[in-house]
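With these hints in hand, go ahead and build the complete structure from the sequences.
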Amino acid sequence: TAFGCFLTNAAYQDRLADGGPPAASPRLFAATVSNAATGELAIAYRLAGPGVTLTAGAASGLAALGHATDLLRAGQADALVAGGVDALGAPLTRWLAEGGLNCGRPPAEAVALLVLEEPTFARARAAPVLGAVLGHASGFEPEPADGTAGDGLAGAVSAALEEADVQPGDLALAVSAAPPALAGLESRALAAALGRARPRIVSPKDTYGETFGAAGPLALLTALAEAPGGAPVLVLDVCASGHVGALVAESAST
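According to this note's numbering, the sequence shown is numbered sequentially starting from 356.
Hints were generated in silico from the structure; no laboratory data involved.
Be a bit skeptical, because a hint or two may be false.
Label-pair distances were calculated between CB atoms; the ranges are [unchecked claim]:
#1 Asp520 / Pro583: 11 to 21 Å
#2 Gly585 / Pro446: 20 to 30 Å
#3 Val388 / Val484: 28 to 38 Å
#4 Phe476 / Pro497: 37 to 47 Å
#5 Arg428 / Gly585: 14 to 24 Å
#6 Ala481 / Pro583: 32 to 42 Å
#7 Ile556 / Trp450: 28 to 38 Å
#8 Gly374 / Ala546: 47 to 57 Å
Note that this is a predicted model, so its numbers are computed, not measured.
We put the CB at the ideal spot given by N, CA and C, even for glycine.
What follows is the structure, given as structure tokens:
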């Protein structure tokens, strides 16, 4: 999630500011911790194992998918539900404007979750397989608006490709995700990391808007649907906060 329980914190703070300590709600306070929603979902759906909430700006969804992949590879779980969501509201809209975090597209509420599991478990329950995560990496751009920025994203792309053992020229497509104002950053990073390779570019945010935490999983689903069977894809996310991420996946063979 890009902003976690921001709206709950804002509501709690408003009550505290308006009425002092007697107006502070203990019930509301319990929902101000970042892992509250994850814990409630785990209880409601009887989900055991790791319960993790990650925050990395608009790149949070990709970070969650990458972390889930690492947990599976480490044998910490057989299957995991991973993805992202953010709720919108007036306090968040004001904060984004005042903080200079212009996403450049209409903000949109969405949730996108995927089940990640070892192939043997998927086959055992005859689950439809959309694809496989091959590699991922996160990075940071200290000055994303600078005209020379891009090293952080380029490093993340290179690291994800190396982990996936995929060459740039083998990519079927790449998902563009940078805010329009940071398109140059993304272009420089792709040129540095991919060299002469020029995969087809798709931009699902132009259709969905900026969905923040849900953007990465939505982008991955879009890439897997667009790519030929068995082809590797590159999914990017770039946030005006400087958080960036890259994930390499392979679409399921047809």
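These are the hints, each one checked on the structure:
1. Asp520 / Pro583: 11 to 21 Å: This hint holds: roughly 19 Å between Cβ atoms.
2. Gly585 / Pro446: 20 to 30 Å: violated (46 Å)
3. Val388 / Val484: 28 to 38 Å: holds (35 Å)
4. Phe476 / Pro497: 37 to 47 Å: Cβ of Phe476 to Cβ of Pro497: about 41 Å, so the range 37 to 47 Å holds.
5. Arg428 / Gly585: 14 to 24 Å: holds (21 Å)
6. Ala481 / Pro583: 32 to 42 Å: Violated, at about 24 Å.
7. Ile556 / Trp450: 28 to 38 Å: holds (31 Å)
8. Gly374 / Ala546: 47 to 57 Å: holds (55 Å)
Against the hints set out earlier in the document, violations occur for numbers 2 and 6.
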